[in-house]
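**Student:** Going down the list, the sequences are from chains C and Y. Residue 1 is where the first sequence starts when you use the UniProt record's numbering, and the numbers rise one by one after that. Residue 1 is where the second sequence starts when you use the UniProt record's numbering, and the numbers rise one by one after that.
No lab work stands behind these hints, which were simulated from the structure alone. Quick reminder that beta carbons are idealized off the backbone N, C-alpha and C, glycines included. Please note: incorrect hints may appear among the correct ones.
In silico lysine to any residue, SDA-like type, Cα no more than 25 Å apart, as pairs [what the hints assert, rightly or not]:
1. K360(C) to A30(Y)
2. K360(C) to N58(Y)
3. K193(C) to K303(C)
Take a look, some chain Y residues computed to stay more than 10 Å from chain C by CB distance [stated by the list, open to error]:
4. Q61
5. A76
6. M178
7. P207
8. T296
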Amino acid sequence: MMATREGGRFSWPKGADIVLLLTAVALLLLVGLPLVYILLQAIFPHWSRGDFGDALAHVWPTLSDPSLVTLVGNTLRLGVAVVVACALLAVPLGALRALTRVPGGGLWDIVFLIPFMIPPYIAALSWMLTLQTRGYAQQLSGIEASGFLYSFSGIVFVMVLNVFPVVYFAVSRTLMSVSGRYASAARVCGAGKWRALWRVTLPLSTPGIAASLLLVFALTIEEFGTPATLGAQAGYHVLVTGIHQRFSDWPIDIPGAAVLSLLLVLLAMAAFYLQHWLVTRRSFASQTGKPVLAERAELGPWKWPVVVLFGFVGSVAVLVPLLAVLATSLSATLSSGLALDNLSLRHFEALLANRGGALKALSTSLSLALGAALLTGILGALVGYLVVRAQVRGKRLLDLLSLLPNTLPGIVVAVGLILAWNQRFWPVQVYNTSAMLLLAYTCLLLPYPVRYASAAFRQMGESLEAAARVCGAGFVTTFRRILLPTMAPSLLVSMLLVFAIASRELVASLMVAPAGMSTVSTFVFGQFEQGSPGVGMAMSAVAIFTTTALLVLLTVFTRRHLPIAG
Amino acid sequence: MSIRLRSRYTLLSLTGIALLGSGSLVYAQALTVYSAGPDALIERLAADFTAQSDIDINVFQSTTGQVMARLESERANPLADVVISASWESAVALSQEGLLHPYRSPNAESVPDFLQADDYVAQGISALALVWNRNSDTPMPTDWADMTDAVYANQVTMPDPAQSGTAFELLTGLVTAMGEEATWSLMEALVDNGMIVPGPNARALNPVLQGAKSVVFGAVDYISLGQQADGEAIEVIFPASGTVIAPRPMMILASSPMQDEAEQFIDFVLSEQGQRRVAESYLMPARSDVEAQRPTLDELTLIDVDSAAMGAQREALLARFRDVIGG
């Protein structure tokens, strides 16, 4: 319908309407539908049974719970603390990586991608095993820090180590594409190195940095693993743990959980508008498509201090959790501690014997993660374009919709998906097939490519598309030949993130995995629940090393195209 | 040109592989079992059953909370045929809502009467215990009240009764045996002595395994018995003053289109072969005539809990518990 109005709009490449219409429909189906079902569930408590009675009966009792104020306050405090700490840690690291010749270069990108492949609850558990009384640190060096670990600072510490790479990658990618020409221009006009950085390069990178900090905020208020593992002992409860409690305590209170989830969504919307206000006040277009010669400063005498800094962050964020995972998986029993005669491969043997379908779970997770990365990549690029360029009404809504999954706890998305897709009226049965997992991952992780892509479009001048149009290219050609290659660096990084996170997603997987199918994370979770932490850690180790190896191979084979290898 | 084409095909075929690999496995005629039981147990039971009957089984294995959340969100179009829960109350509640298919298995004859009803029956039984780390500096405890002793200061964990059905059973057991006030003073004394309540069962147990803490107050016995058999330096102690049991109910959903097959599965789990599998997981078999590999109902001092009455007080008990540990 819309595609027939060709030539009606000059600013709009041919064929764009139909593609963008399809994109909007996909977004509504993926994100809007489960959200609507959750909303209905919050309003009509018996909705899942097809009954409209007692409308709004749950809203007030849930909202008038006096502990709610504490939960909301704790959630906000945690979100803000993690954002600030991430900015302090990752902005300097990202800037150093983008603007100077850090020895090791692209290697650090791979190192800092690993925290994504360590599931948050495994990371939290690793820190517990390391820092608690009689933990690994005490067994090795007498250091014990359970007081720190089970406190607000401890929770922030572990969460920052989980999510700081989001900011690191955003900052380094954005600065790489912004720096060069503009900084040079500033230098020509007489600005010093620092002045050029502070007055030109950093301000121009605001969209990318702000978007990544927003992501961190959303990820933090949505994260379940760390607050659940450390928060109970610290006496620090947040909204998400409250939501989970309503979902897993008998009797199950889905309407109450839905109401709390909507509160979380409101918090995230507030953050979204703050970020939106920050990045749309002025234009940040700084990319013309002309090749930028990355001009990186020599570090000179600062070389070694910088390497030590990178190494320190890398070992705290990556090495400590990995070693704790390995130590646990290689110990015959947890109670015998770190001792040579306690060294055993029995947990790995149990895996190899395919106990509980370990290998099948691994291949399921990897192929689903690949599928999710490709789907979200394509969709994310299109949605990003739609949100930044399209002159259609309701695009703010689409923008918001594409961010919302990041604020929705995984369990809420999962329940929304079940409510939406487990209905008899669908012609094809989607529920109880692996397609549900793909839908869940795509929905939950779509915000990454969208954020990265829309930040890239904001920095891209419209002249590129105008030029393509003048040369007679339609939308599909323009998108594929001009837009995709220009934003490929950002988009690929976000797809790698999607792959890494999808390969270990736990909370939604537990809910929607079809009967008879397990993923890496549901397998690991089951092992912990059944009292076999050794086997669980062995599986985690295998998964972390497999996904890391895959990513390293990918970067080696496509060295020229992947930004991650620098 | 050819390079561009190739990359496009690579992308397409990758998508294809990913979609195929994740395979839309639609099982045509298989029995769907939602199980909160031990992972290895349900797998062995399913494999044995399939070998014997040629009926395939799809298992969704998780915690009781997850299983129930899934049942609740599938209300519009239920998919499970058989549900095995770790919480007796959940079966009582589903039965009261009329969601269960009545069935008395012929193999249930030697299952004690209090472990079966018209539409649900126990698969196996676990009991609540103290789990103590042998390598700790504390003496081996013998009873619940020992945990208030100064030797155990800051050395005790307890699973959260809100998140662990079995820990809730223990709370109701203590209330039944000692009365409300004595139970809450015991809890207050425990909290004063530094007891922590870190979450569901596994989270209470792990600190004790590594030695950060010494005793779990109210652990599920079969998990720890299994770990002990695997060489962990722990002891499972059933308090002399009495403990509670947590029978694990099996039920057939009334909405199941495969009730014959579901009944066959229940028969199989209650057969001698099936009950021996249950025993191998260190649970007590539901049938009194199948030998257990652990202390059984006759050997334990049991507190007789009226679970229907206690279930009705659930909210109040949990609220009071939260008050005690929070304050």
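**Student:** Sort out which numbered hints this structure fails and list those numbers smallest first.
**Tutor:** Failing hints, ascending: 4, 5 and 7.
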